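Visitor: Sequence:
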Amino acid sequence: MDPEYLMRLFAAQTTERLDKLERQVEQLLVALDKARVEQSAYELRREELITEYIVALTPRSKAGKAKPQ
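For the sequence shown, counting from 1, position 50 maps to 50 in UniProt numbering; every step adds exactly one.
Among the clues, some could well be false.
Simulated DEER-style distance windows between Cβ atoms [said to hold, decoys possible]:
#1 GLU52 with GLN13: 57 to 65 Å
#2 SER61 with LYS34: 42 to 50 Å
#3 LEU49 with GLU26: 34 to 42 Å
Calculated directly from the structure, the hints in this document are not laboratory data.
The structure displayed is predicted, hence computed values, not measured ones.
Note that the Cβ used here is the ideal one computed from N, Cα and C, for glycine as well.
Put together the whole structure using the sequences plus the hints.
Guide: Have a look at this one:
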């Protein structure tokens, strides 16, 4: 076979593989961004629940203020 043909074939296959890897990296970056957003939402909700729990456990006077201890 012609060496020049083989080099062009190799280059084309290499480019194709690189393009495929680039698409995979882009998909992974999108998935990572989505996971970060979900994690942030989870952490925010967790903080909200902790605050609600603390508020629910805080003794209140009839005026709605915390009782002095």
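Visitor: Now tell me, hint by hint, if it's right for this structure.
Guide: Here is how each hint holds up against the structure:
1. GLU52 with GLN13: 57 to 65 Å: Once the Cβ atoms are compared, 58 Å apart, the range 57 to 65 Å for GLN13 and GLU52 holds.
2. SER61 with LYS34: 42 to 50 Å: holds (46 Å)
3. LEU49 with GLU26: 34 to 42 Å: Once the Cβ atoms are compared, 35 Å apart, the range 34 to 42 Å for GLU26 and LEU49 holds.
Checked against the numbered hints above, the structure violates none of them.
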